[in-house]
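Protein chains: 2
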Amino acid sequence: MNLKTYFPILDWGRRYNRQTLTSDLIAAVIVTIMLIPQSLAYALLAGLPPEVGLYASVLPLVAYAIFGTSSALAVGPVAVVSLMTATAVGRLAAEGSVDYTSAAIILALLSGVMLALMGLFRLGFIANFLSHPVISGFITASGLIIATSQVGGLLGIKTEGHAMPDLLMSIIENIGQINGHTVAVGFVALALLLWIRLDLKNWLARFGVPKGPATVIVRAGPVLVVFLTMAWSGLLELGAKGVSLVGQVPQGLPLLTLPSFNLDTVQQLLVPALIISIVGFVESISVAQTLAAKRRERISPNQELIGLGASNIAAAIGGGYPVTGGFARSVVNFDAGAATPAAGAFTAIGIAAATLLLTPFLALLPKATLSATIVIAVLTLVDFSILARAWRYSKADFAAVALTLAGTLLLGVEIGISLGVGASILIFLYRSSQPHAAVVGLVPGTEHYRNVKRHKVDTVPGVLSIRIDESLYFANAHYLEDLVIAQVAANPGLTDVVLMCSAVNAIDMSALESLEAIASRLKDMNVRLHLSEVKGPVMDRLAGTDFVAHLSGQVHLSQHQAMLAIAQHRLAAADADGTQKSAGRAPQQAATHP
Amino acid sequence: MNLKTYFPILDWGRRYNRQTLTSDLIAAVIVTIMLIPQSLAYALLAGLPPEVGLYASVLPLVAYAIFGTSSALAVGPVAVVSLMTATAVGRLAAEGSVDYTSAAIILALLSGVMLALMGLFRLGFIANFLSHPVISGFITASGLIIATSQVGGLLGIKTEGHAMPDLLMSIIENIGQINGHTVAVGFVALALLLWIRLDLKNWLARFGVPKGPATVIVRAGPVLVVFLTMAWSGLLELGAKGVSLVGQVPQGLPLLTLPSFNLDTVQQLLVPALIISIVGFVESISVAQTLAAKRRERISPNQELIGLGASNIAAAIGGGYPVTGGFARSVVNFDAGAATPAAGAFTAIGIAAATLLLTPFLALLPKATLSATIVIAVLTLVDFSILARAWRYSKADFAAVALTLAGTLLLGVEIGISLGVGASILIFLYRSSQPHAAVVGLVPGTEHYRNVKRHKVDTVPGVLSIRIDESLYFANAHYLEDLVIAQVAANPGLTDVVLMCSAVNAIDMSALESLEAIASRLKDMNVRLHLSEVKGPVMDRLAGTDFVAHLSGQVHLSQHQAMLAIAQHRLAAADADGTQKSAGRAPQQAATHP
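Chains as they are written, first to last, in my numbering: chain A, 112 to 705; chain B, 112 to 705.
These aren't lab readings, by the way, just hints derived from the structure by calculation.
Please note: incorrect hints may appear among the correct ones.
Any copy, or any two copies together, can satisfy a pair, since identical chains are not distinguished.
[As the list claims (entries may be wrong)] Calculated pairs, DSBU-like style, for lysine-lysine (alpha carbon to alpha carbon, straight line, at most 35 angstroms):
1. Lys634 with Lys312
2. Lys506 with Lys634
3. Lys352 with Lys405
4. Lys352 with Lys269
5. Lys405 with Lys506
6. Lys634 with Lys322
7. Lys634 with Lys115
8. Lys312 with Lys405
9. Lys634 with Lys405
10. Lys115 with Lys564
Turn these sequences into a full structure, and let the hints guide you.
Below you can see the structure in the form of structure tokens.
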């Protein structure tokens, strides 16, 4: 076993030098500044005390630095996983209770163990069943739910639920309890954050600030908004005026520990943990691969599973909640020049220091500031263009996206994503159970055979060539039988049927039985059955079967050779007919198998 | 709308004449004689009073005669569906209670409605997902469970459970309560039935009995055993000696009625009803098609769903339980010369008459006789050869069969069949998510391209042709990307890559994105990407996309034309290189699309 496969740090660590150290340190400072308000905000979104967000941004980054393969991926709390955590844990305990926090920690542990196991057993391919259209629809819907869930925080009213109907209802019900001071803080924060994101860079440029420092100032903007609203809150004593503040939080880092296990809780969290693991992995791997491609690096999906698994186990040990690689922060990390996963470890040190220094001041921070941070962060998630693109390309893909989107909005994240995955698999199965098939003829001047309905082709009377455009398996075995028999019935006077198998990638046992049924039906009708262009792996399987042994025709290497052989056979038969009148119909030629 | 489609009786009814009437009447007499002991026995197997089996053999046959399309299919209670009924209903009520019988009736109604709806909405294809190997494994396991469940009846001890472990445990636990008289009756009945089935015909022939009467005597054999053991029971007063008898049953036919609905019961029976519907339909349609093929008749699967649906609704109205087309009795019906579905209606009259006449005598019938009848009937279901055949043909098919068999034996019918269906779908998905691909070259003397590893073929340096043997969809999109990029990386000095798409039957949106990623990677490497042999339906979809619009190479009708075009392009490029030194690398040719 190669240790470097499981501990990529052993590989890049040996090449570590002063230059990579400098790059990593600069990137770490920028990402730390960005991560502080986000960590606090996402913890709030998950229904957890804000400091838990900071805890989730320390140990997981160290774990990923040891086990991860992406030089730019920045792990930590992310919006969608925070919403999924709130949904899963909210079913088991009341928000704010000790049980709620323990359940979130157990969720991180379960998710970590599952990811690590999937990595060790090389089950990364499971994530492929979450198609890109489905994940796009899911993330757009999640973004909308998250933004809506923060309306309460911005208005100073209480809201409930993790799907649109509940959220909207609770906003309408409680709209009377709106708090003017909260609205003021919330919307000033929102406006500032929006301005920082959209316009600050241009504004700085107009004042002649060079590009480098300007970028740092823009990144630090959200932290400045945090300090600004904290000061506002302290000076005007907003807490006494009904504005919800973060309040006292325990200072320092938690002791490394795990909450006591409750088997019932574990059981109820198994399915949510699996869904969070897969969604988190798909998000993270796509970010990692996008960034790796830009630098011509390679990401190992199975090792990434181990890396994310270790991160989540570390999150649980450090008192955090489920984490994954985030898109926005990874891009920032990448742009800031992070050269190795060590940048993440340095970020962890930065966050740990901030946790120690910052917590005394957090008491004054209005929650509305964090709500504004979340709303700005998730706006980039919402993207309806996937609906239009899917509609144009394929109605089946559109159906899967639309179902995921509507399901997530109306019924919540877990049901929504499950509906999407289920629908895309069912669509695939349904499609392959009703395969396309074409009667083919020769494209003149070539040895190439194509659909008679689409191309000008030559056919031979009495010979029917059918190309079946699907692997033959249990779900389409009967369909195949009906299709071939119907085609034969529609073409009286046939002597030969050729099944062109260029698109048949597998034949399972049910399909073999259908082929045998077709062969026997055709034998009864005195029609010979041939196969052409059977692929190697398929022929390997068929070779030993009775079906091929008793085939009335032959198996031909190519469709063209099949047609030549049939023509020759007819010539020979006509010859025999001429010289030996009594022969009548051409004798069945013994089958030979190339 | 054509009424005849939904009421096939309107079609065959018009051609009905004296000859078909005679054939149908003869068949009806033979099937009636066969059906009486079987109906009693299967009801007992379902945990129901024996007369319910008779009720289930009257109205359903009339309903099938109106709606069914098979001239030979004989519907009624069958072994596997009876076991499935016992499993489903046994969870809700105690055997022998009124609730138990009502639940069985509701199950028939639900199953009937589901089948009829599936037929009306043309959803018959759903049954295709129950593959033949899976159903074979399931029926073998069910046969074993059923035979084991009757051991108690033959020994006079009580047994419990509907899966092997429970059954065997309860036999071992209660073996002490064995009753000598029951054992005597049971094994005499068993021996007689076995002798009737295996040897009576030869024995009669030896005594010079002509073949016709001999067949009728053999068919009537089980009824004779019923009368014989009834007489034995009456003469020796077996009831007083601890032999379990059928006991008093209500005389006559039940009033047409439905039990009161309990929404909770309905909800708990929905899934079992669906499984019973699909299993029953698959069994029935395969019998109907086998027999129809022998007479060159056609069966309409969707109309069969309506026919079976009507039969089950009729079963519920007539106080019966779920029914379907049985193999043994349909073969008997066919052999006896049943010419139209009217034979079934006549059988119904026969059973109704028997119900009226026979019930007073049933009180004396030992249940051991019925157990013996069941054991003999299900012996034909047990067939392990499917395991060997599947093992030889494909390990994947074997896995599905073995899982179904073991799952059904150990965990019961519903879990067993669900495991089988689930496993076969997962195997199909897994296989298609890791597609076979081959580098191809030209078979000398032809225009045909095949795998370089299997055939002696010619390749062109600098050109890599890859044939992908699978539809491209979300589950293999990433795999495709890795595969192509790995192949390109392994072949330095490439100028052109051709993806031969003869086996690509669909490209979904996720796969399109992967193709775009491949195209952009290859563009970066200065390698042109071509497609060849893209099928009509796939090209229709691709035609409007950016992928084709920005393709660095071209889309070629055939692989051979792709190779010719590349050769020409090189020639032109070499020319340009010679005359115009500054050109350096060949310019990218504008894409043209056939």
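Verification of the hints:
no.	hint	in the structure
1	Lys634 with Lys312	between (79 angstroms within a copy, 34 angstroms between copies)
2	Lys506 with Lys634	between (41 angstroms within a copy, 30 angstroms between copies)
3	Lys352 with Lys405	neither (51 angstroms within a copy, 88 angstroms between copies)
4	Lys352 with Lys269	within (16 angstroms within a copy, 76 angstroms between copies)
5	Lys405 with Lys506	within (32 angstroms within a copy, 42 angstroms between copies)
6	Lys634 with Lys322	between (80 angstroms within a copy, 32 angstroms between copies)
7	Lys634 with Lys115	between (62 angstroms within a copy, 32 angstroms between copies)
8	Lys312 with Lys405	within (24 angstroms within a copy, 82 angstroms between copies)
9	Lys634 with Lys405	between (60 angstroms within a copy, 14 angstroms between copies)
10	Lys115 with Lys564	between (57 angstroms within a copy, 33 angstroms between copies)
The structure is inconsistent with hint 3 alone, although it conforms to all the rest.
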